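Student: Residue strings, one per chain:
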Amino acid sequence: MSDLDDISCRELVELVSDYLEGTLTASDRARLESHVARCGNCAAYVRQMRETITLMGQVPTQTLSVETEARLRVAFREWNARD
Amino acid sequence: MDLVQRWSPTMLRVARMYVPSQAVAEDVVQETWLGVLNGLDRFEERSSLRTWVFSILVNRARSRGQRESRTVPFAALGREEVDGEFAAVEPERFVREGDAVGEWAAPPVRWWEEPERALDSAEAVQRIESEIEKLPETQRAVITMRDVLGMSSEEVRSALDLSETNQRVLLHRARSKVRKALEDYYADE
Numbered sequence: 001m002s003d004l005d006d007i008s009c010r011e012l013v014e015l016v017s018d019y020l021e022g023t024l025t026a027s028d029r030a031r032l033e034s035h036v037a038r039c040g041n042c043a044a045y046v047r048q049m050r051e052t053i054t055l056m057g058q059v060p061t062q063t064l065s066v067e068t069e070a071r072l073r074v075a076f077r078e079w080n081a082r083d
Numbered sequence: 001m002d003l004v005q006r007w008s009p010t011m012l013r014v015a016r017m018y019v020p021s022q023a024v025a026e027d028v029v030q031e032t033w034l035g036v037l038n039g040l041d042r043f044e045e046r047s048s049l050r051t052w053v054f055s056i057l058v059n060r061a062r063s064r065g066q067r068e069s070r071t072v073p074f075a076a077l078g079r080e081e082v083d084g085e086f087a088a089v090e091p092e093r094f095v096r097e098g099d100a101v102g103e104w105a106a107p108p109v110r111w112w113e114e115p116e117r118a119l120d121s122a123e124a125v126q127r128i129e130s131e132i133e134k135l136p137e138t139q140r141a142v143i144t145m146r147d148v149l150g151m152s153s154e155e156v157r158s159a160l161d162l163s164e165t166n167q168r169v170l171l172h173r174a175r176s177k178v179r180k181a182l183e184d185y186y187a188d189e
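From first to last, the protein sequence lines are chains A and B. Following our numbering, the residues of the first sequence are numbered contiguously, the last one being 83. Following our numbering, the residues of the second sequence are numbered contiguously, the last one being 189.
Just chain A, with the same shape it has in the complex:
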């Protein structure tokens, strides 16, 4: 495939994660961007992927129980106090 060749929508969806990672080669990146600039559906696909990643960052996290944290606090204090 030469640099002038376009990629199809079907091929493009396989590159979006790498595109967002910044790991595409310069020529693949240029091909992808020029396709997205002309194709509203693929632009929507890229946006879906970006929103998916943003929402994943909102998955809640848990914290340690008070008891475990207290035990670790003691362990750290002892470690600091050794010799």
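Incorrect hints may have been included.
According to the in silico footprint, chain A covers these stretches of chain B (three or more CB under 8 Å from chain A) [as the list claims (entries may be wrong)]:
no. : segment
1   : 7 to 21
2   : 41 to 55
3   : 145 to 159
Read the hints as simulated data drawn from the structure, not as lab findings. Model, not experiment: these values are computed from the prediction. Even glycine gets a Cβ: it sits at the ideal position worked out from N, Cα and C.
For this one, chain A is given, so just place chain B on it according to the hints.
Tutor: For chain B alone, kept in the frame of chain A given last:
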């Protein structure tokens, strides 16, 4: 102790991927910190402290998970998660023949165009969480560490002992599945 507070929530989630309950995950995080304290004198700054701590965590969580029989031995998996055919989007959503071959036949759902859908992101996040839970183990580990917890690709590769290519492939596959689940969720509304 600052580090314990800062890193433990992330560590709990990583541990929880390998073990059957929150209580065991908590146990693994505690053991990891105690192990870190014991080994700190031997820590060589070839990797960052965080990378080192997470490698210890993953090893402990994995062997604990095997003991509690949640996971199969690591060497036995992974291959089929990276090899084999994969399509980010079902092939039937693209035009199969003619001039427009490879173009969208059933285009992506633009869920952001409907304001009432954008509002309930808490439910969308739950949908995402349950989809991640269903992923094969290594895909789940990679996407959780990268996208849920915001760890770098280097950290994930060294904690999970993955090549750069495999990390990328696993992330691509996992993200594609989660995206699809989210699109289905919005399409069903």
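Student: So, for every hint listed, does it hold in this structure?
Tutor: Cross-check of the supplied hints:
no., hint, in the structure
1, 7 to 21, "holds (count 5)"
2, 41 to 55, "violated (count 0)"
3, 145 to 159, "holds (count 5)"
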